[in-house]
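Sequence lines, in order, name chains S and X.
Going by the working numbering, the first sequence opens with residue 2, and the numbers climb by one from there.
Going by the working numbering, the second sequence opens with residue 284, and the numbers climb by one from there.
Do not take every clue at face value.
Incomplete in silico selection of chain X near chain S, CB under 8 Å [to be verified]:
1. Arg-285
2. Ala-289
3. Lys-293
4. His-297
5. Arg-354
6. Glu-386
7. Leu-388
8. Met-389
9. Ser-391
10. Pro-392
11. Ser-396
12. Arg-540
13. Trp-541
Everything labelled a hint here was simulated from the structure, so no lab data went into it.
Even for Gly, the Cβ is constructed at its ideal location relative to N, Cα and C.
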Amino acid sequence: MIEVQDLTKAYGSVTAVDHVSFTVNKGEILGFLGPNGAGKTTTMRILTGFMPATSGTARIGGFDVFNDSIQVRRRIGYLPEVPPLYPDMSVGAYLDFVARIKDVPSEKRADRVADALKKANIEDKRTELIKRLSRGYKQRVGLAQALVHDPDVIILDEPTVGLDPKQIIEVRNLIKGLAGTHTIILSTHILPEVSATCDRVVIINKGKIAAVDTPQNLTTQLKGGQRIRIEAQAPEKPLQQLLAQVPGASRVDVEPARASGHVAATIEVAPGKDIRSEIAAKIVAAGWALFELRGVSMSLEEIFLQLTTDDADHAQKAN
Amino acid sequence: MRSFYAIYRKEMGHYFVSPIAYVFIGLFLALNAFVFTIILNGAIQRSFEIEMQSMRYGMPPEIDVPSEVMRSFLSWLPFFILFLTPILSMGLYSEERKRGTIELLMTSPITESQIVLGKFFSVLTLFAIAVLPTASYLVFMYFRSEPRPPWGMLLAGYAGVLLFGGALLALGTFISSLTENQIIAAVLAFVASFMIWILDAGSRASGAVGEVLSYLSVIHHYEDFTRGVVDTSSVIYYVSFIFLFVFLTIRSVDSMRWRRA
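With the sequences and hints as input, model every part of the structure.
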């Protein structure tokens, strides 16, 4: 549905998006993950036809976003980072206006507006002026605006920003409900968001793609592998020395466990090895009490940090 | 056409939910009413004086009060229009840019021309709504005067008002598309309108330069209309002026895509 090839956008000497390529299949939810200023918004603006790319191509539903811009715009719904609202309009009048400029035929307009209000769960705010709405409701009006012409592709720039936890869950469920019939790209810098909603994740940093995979694969299989966390009643130094001697343990951090008064240790393990039984045996053999031993897979946060900071290191070395 | 109308309709709705339009149109009408009564009283005063003189010296009165009042009033209107149009046009694009709604418009299946024309005609309509009530003063006077002045004078005068106002609005909307701050847009539009106006002073310069400068002045072409004359060259001047700035606005809106936002 969406094919992006070598997309590059330079603002003068600054390259905001650097040879980005990815594809999104029909009905899929793609998460665009990256720190602020990574190029997420720029990529989305190119896809929506708001601004042209410096080089490279992007096609939506077979139409080039630059050459067939009007055809593309007919097929996308877009929620920018700041919802594009007219504060003096009522919610209903605003959605009616958006339906008009999105080429919704006049006989279908009322139905489409009602449907968008329902999907965004703001039917009771129809006659309310937008300026009187809270941040969360404004965001939902923004979402309704992106849905009102029933587009094939929906592009959402940080759709849950500024919402409270309950609203975040509602919006995520709404987005998940749209998948299948709509193809969705959403950007975020909040990691749990991608694992909660997305089928696939593109991690972007400094304009370059750092990784593309499913959230599960990124979490379990990529870099770093397993970690083991133990809690024991033992002196710190000897425990550290003991653990470091276990074959396969690459890094050991020992610190006092605050709650229990015991000592906690985190051991990084080379991928593909399971050394839990060795650790247990050694600790018991040393005569210490073992309270906890568990494998921890790296969180998406850590993978993300690793991917994005690795890049920074490379960049520094290159300079 | 549908998209053009959607934009037009949205803008018209927008004017009348915010108090700005009401306040400034009200002020504009009040000032004009005030000026009209001054002109009318002055003309009546002078007609008495002339009548007295004619009684003394036996000369027939040589003053056409209704036409003179009409001409004076129509000549006054542009001064107030100069202050009104920058305020009507200031927010057209700058507000869209500030609120980010320009991103909605530009990612919708409508062209820049539809956006710009929809906005231009909406502000022109608003201008007509502000200005046409002033014609009622002249219409009242018309039915009370003897002999009645030619209708054509009134029609030509207001055609001139709309063309003159349209030109300043085209300039003002263009300036609004250049900035995110509507106050700056209003001030710059006023200054630019004023500069183009006072080119007329160039007519005092010698020869061809003076003639060119005076031809370019936005007020120079207006004078014919106040005398009830519709000069084709003046119409062409205003229409080209409007076309030029509408075109520049389209280019300017298009260029927002290329700027870093």
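(request) Against chain S, run the beta carbon of Lys-293 (chain X) and see if the smallest gap drops under 8 Å. (result) holds (5 Å)
(message) Does the closest beta carbon of chain S sit nearer than 8 Å to the beta carbon of Pro-392 (chain X)?
(response) Check passed: Cβ of Pro-392 (chain X) comes within 4 Å of chain S, closer than 8 Å.
(message) Would the hint on His-297 (chain X) be counted as holding, given a Cβ-Cβ threshold of 8 Å to chain S?
(response) holds (6 Å)
(request) Go through the hint on Ser-391 (chain X) and say holds or violated, using the shortest Cβ distance to chain S against 8 Å. (result) Constraint on Ser-391 (chain X) satisfied, holds at 4 Å.
(request) Using 8 Å as the Cβ threshold, decide whether Arg-285 (chain X) counts as touching chain S. (result) holds (7 Å)
(message) A closest beta-carbon separation below 8 Å is what the hint needs, so does Met-389 (chain X) meet it against chain S?
(response) holds (6 Å)
(message) Hint validation: Arg-540 (chain X) versus chain S, beta carbon distance must be below 8 Å. Holds or violated?
(response) holds (5 Å)
(request) Let me know if the C-beta of Ser-396 (chain X) comes in closer than 8 Å to any C-beta of chain S, holds or violated. (result) violated (12 Å)
(request) Tell me if Ala-289 (chain X) is really an interface residue toward chain S, meaning its C-beta lies closer than 8 Å to one of theirs. (result) Hint holds; Ala-289 (chain X) Cβ to chain S Cβ min 4 Å, cut 8 Å.
(message) Let's test the interface hint: is any C-beta of chain S closer than 8 Å to that of Glu-386 (chain X)?
(response) OK, holds: Glu-386 (chain X) within 8 Å of chain S, min 5 Å.
(request) Double-check Trp-541 (chain X) for me: the hint is only fine if its C-beta lies closer than 8 Å to a C-beta in chain S. (result) holds (7 Å)
(request) Return the status of the interface hint for Arg-354 (chain X): holds when the least beta-carbon distance to chain S is below 8 Å, violated otherwise. (result) violated (41 Å)
Hints 5, 11 from the list above are not met by this structure, while the remaining hints are.
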